[in-house]
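Residue numbers (this note's numbering), protein chains in the order written: chain A, 1 to 263; chain R, 1001 to 1235; chain S, 2001 to 2292.
FYI, nobody ran anything at the bench for these hints, they're computed from the structure.
Treat the hints with caution; some may be incorrect.
Claimed, not checked - Covered stretches of chain A, going by a simulated chain S footprint (3 or more residues, C-beta under 8 Å):
# : segment
1 : 10–19
2 : 224–233
As the list claims (entries may be wrong) - Going by beta-carbon spacing under 10 Å, a handful of chain A positions derived as facing chain R:
# : residue
3 : ARG78
4 : ASP79
5 : THR238
6 : THR241
7 : ASP247
Don't be surprised by glycine CBs; every beta carbon is placed ideally from N, CA and C.
Listed here are the chains, written in short residue letters.
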Amino acid sequence: MTTSRSGDEPLLKVSSVSKYYGTRIGCENVSFELWPGEVLAVVGESGSGKTTLLNCLSTRLMPTSGTVSYRMRDGIFRDLYRMSEAERRFLMRTDWGFVHQNPADGLRMTVSAGANVGERLMAIGDRHYGNIRATASDWLGRVEIPGDRIDDEPRAFSGGMRQRLQIARNLVTGPRLVFMDEPTGGLDVSVQARLLDLLRGLVHDMGLAAIVVTHDLAVARLLSHRMIVMKDGHVVETGLTDRILDDPHAPYTQLLVSSILQV
Amino acid sequence: MPTPLVVSEVAKTFTMHLRGGVRLPVVVNVSFSVGAGECAVLGGPSGAGKSSILKMVYGNYSADEGQIIIKHDHGLIDLVTATPRTVLAVRRDTIGYVSQFLRTVPRVPAIDVVAEPLSARGVSTTEARDRAAALLSRLNLPERLWSLPPATFSGGEQQRVNIARGFITNHPILLLDEPTASLDKTNREVVIEMIDEKKKAGTALLGIFHDQEVREAVADRIIDVTQFAPGKAAA
Amino acid sequence: MSTETIARYNFAYLDEQTKRMIRRAILKGIAIPGYQVPFASREMPMPYGWGTGGVQVTASVIGPGDVLKVIDQGADDTTNAVSIRAFFQKVAEIAVTTHTGEATIIQTRHRIPEKPLQEGQILVYQVPIPEPLRFLEPRETETRKMHALEEYGLMHVKLYEDIAKHGHIATTYAYPVKVEGRYVMDPSPTPKFDNPKMHMSPALQLFGAGREKRIYAIPPYTRVESLDFEDHPFEIQKFDQPCALCGGTDVYLDEVILDDRGGRMFVCSDTDHCEERREAGHTGHMSEEAAQ
Chain A
1 MTTSRSGDEP
11 LLKVSSVSKY
21 YGTRIGCENV
31 SFELWPGEVL
41 AVVGESGSGK
51 TTLLNCLSTR
61 LMPTSGTVSY
71 RMRDGIFRDL
81 YRMSEAERRF
91 LMRTDWGFVH
101 QNPADGLRMT
111 VSAGANVGER
121 LMAIGDRHYG
131 NIRATASDWL
141 GRVEIPGDRI
151 DDEPRAFSGG
161 MRQRLQIARN
171 LVTGPRLVFM
181 DEPTGGLDVS
191 VQARLLDLLR
201 GLVHDMGLAA
211 IVVTHDLAVA
221 RLLSHRMIVM
231 KDGHVVETGL
241 TDRILDDPHA
251 PYTQLLVSSI
261 LQV
Chain R
1001 MPTPLVVSEV
1011 AKTFTMHLRG
1021 GVRLPVVVNV
1031 SFSVGAGECA
1041 VLGGPSGAGK
1051 SSILKMVYGN
1061 YSADEGQIII
1071 KHDHGLIDLV
1081 TATPRTVLAV
1091 RRDTIGYVSQ
1101 FLRTVPRVPA
1111 IDVVAEPLSA
1121 RGVSTTEARD
1131 RAAALLSRLN
1141 LPERLWSLPP
1151 ATFSGGEQQR
1161 VNIARGFITN
1171 HPILLLDEPT
1181 ASLDKTNREV
1191 VIEMIDEKKK
1201 AGTALLGIFH
1211 DQEVREAVAD
1221 RIIDVTQFAP
1231 GKAAA
Chain S
2001 MSTETIARYN
2011 FAYLDEQTKR
2021 MIRRAILKGI
2031 AIPGYQVPFA
2041 SREMPMPYGW
2051 GTGGVQVTAS
2061 VIGPGDVLKV
2071 IDQGADDTTN
2081 AVSIRAFFQK
2091 VAEIAVTTHT
2101 GEATIIQTRH
2111 RIPEKPLQEG
2121 QILVYQVPIP
2131 EPLRFLEPRE
2141 TETRKMHALE
2151 EYGLMHVKLY
2161 EDIAKHGHIA
2171 TTYAYPVKVE
2181 GRYVMDPSPT
2191 PKFDNPKMHM
2201 SPALQLFGAG
2211 REKRIYAIPP
2221 YTRVESLDFE
2231 DHPFEIQKFD
2241 QPCALCGGTD
2251 VYLDEVILDD
2261 RGGRMFVCSD
2271 TDHCEERREA
2281 GHTGHMSEEA
2291 AQ
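Looking at chain A on its own, in the form it has when it is part of the complex:
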């Protein structure tokens, strides 16, 4: 039986990242490493700094201090904030993905589903319409969008379909790291379950590393291997997801876990 030991080096190294808004703390002194194929959930209530952290990691917001380095495909670690903007943007549309809570923030609502998926391919220089369309069609299938909707605009899609389209649009270039901001945020529970299952399968099949910001502990349990619990901009607890949820230590984590509604 194979016991692969791939990825003995982290993909992302986060070291003492802090972001201040004036004198107010966005997030303070966050450090962790993320390995290939690993899903990290960042949980906490609104205002806990989890979205600030996500933005600092994904080059959308310059941290006040600290470093974030990423292992490029050539194996060399690069400090994200020392890279040129061109390199960062290239990384964003090839090796990374970003799934927004609101699909409208991550999709082009007025171009077809096929073009939404194909955009990243065209951005990296794919110039064969037939191939682009075939790949887009394949990806729509993988996210369970019927093939005959390929020329429809996402405006005409349901919330769940839009979110699945956003995921396809991000994964089409085979990224190694995906950031997700409350990916199941505005969806009905049954739609959520489908999306979570789909994400779980894709993350597993593609060996994706992911950082998922969520306030929903069930999402964290289902998707993530590890968890970071944040409160008031600080990490209050971190560790194996099931250990944090089943044996929480920090007072805030205990409160969070005990606040889950049981069905």
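With chain A held as given, fit chains R and S onto it using these hints.
Structure of chains R and S alone, referenced to chain A:
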């Protein structure tokens, strides 16, 4: 050959911050080991900490003190201090676990729930499914249920899915938390057989069995958990 | 009335400071082919959309010895063309012509003349929306960044949509081009039929967008390539009949409705080109009727 599982001087206390920081000591000075081909059973009344010990050995609960030494990947690992990443690797390759209740994932069919630990270790989907199917038929789970997600199954049906999932791999250590609680006599017999086979194959088993019949059938040794009660240590 | 007694416009309407400002923008545009240079566009005595950008560019490059031709579509005799020509006759007192070969400056709203342009000629385009990425990206900050970083995937999204909807690239005008392998540029409402004429043209091509306050340029002998897909290469419109008046083929045709019973004819959009051909004795199948 080192012992697959050695637990020494492990202690666990829960601190309930929501109740004014009250501290509930569960166990102290937990020390025992389980050899290859042996089935050790944790004994003692409810609330003695059997389940907590099992969860610490799986890494699901943290331990406050002591060591849990596992033979893993040609070396020894202390689960008490291991990183989350190591714990996950240990679970994938070394420690299997049959929990009392099945935590279901939406939409994943029973057969894939069972096959998953194998595919996680790189076995092809077809082979993993075949082996899952064999186990499920052995446990008499009706074939029409295999393609359904187990969320809506009865307790006994879920239990059998859980058992099959735990037994499908050949992890050197297998933890069993009341695997027969909701099973009928026929299926209890099957599980007893399966445990015997694991022992013969050299697996180290650590379990909790409330069912006296099963316990007597499988246990090589009972570890009396009451000896780890915090009161005793204090005395 | 004698010219000494009334205040006169400065030569070519704009004051010299303004012309210098615009010339700097033009020079920068020439130095960075295809790059949109912002400039302080002035109010002109005509509404936006009537060619205020082109007029400012023309006013800044025109000199007393220049010969100006103005076309709207391909025609010298439509309102817009006539007005702009009259404007420059009045404020610059320059010579005007309808003959492509005689003009030193040609201001156009859409077409590039059929007769190949020569070294020393300047073609000035009136541009309504200079930003080719605007179709999909409304933020100016973002489009400028995309140009800076050469992120042009979005242009192909537009072409992809065309093929997905129509089976072929249906964009027939304002068809995006890449200039000298670097900047993607909108050739303004020029029909894509004329795109190949921009490529390696001996003439200087200047683009002015008055409302959007942008100037850009293609220096002579610059590569101008129309964007396309490998399996859907760029093609120009084909007409299945020659000009009804001069019999010209390989020219851009306008449809002219003759009556209310479906009668129609196709004639050269470039009126000067058509006239020259007819003077040279070429005829089309409706030359007779037209003569009557």
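Could you tell me which of the numbered hints above are not met by this structure, giving the numbers in increasing order? 1, 2, 3, 4
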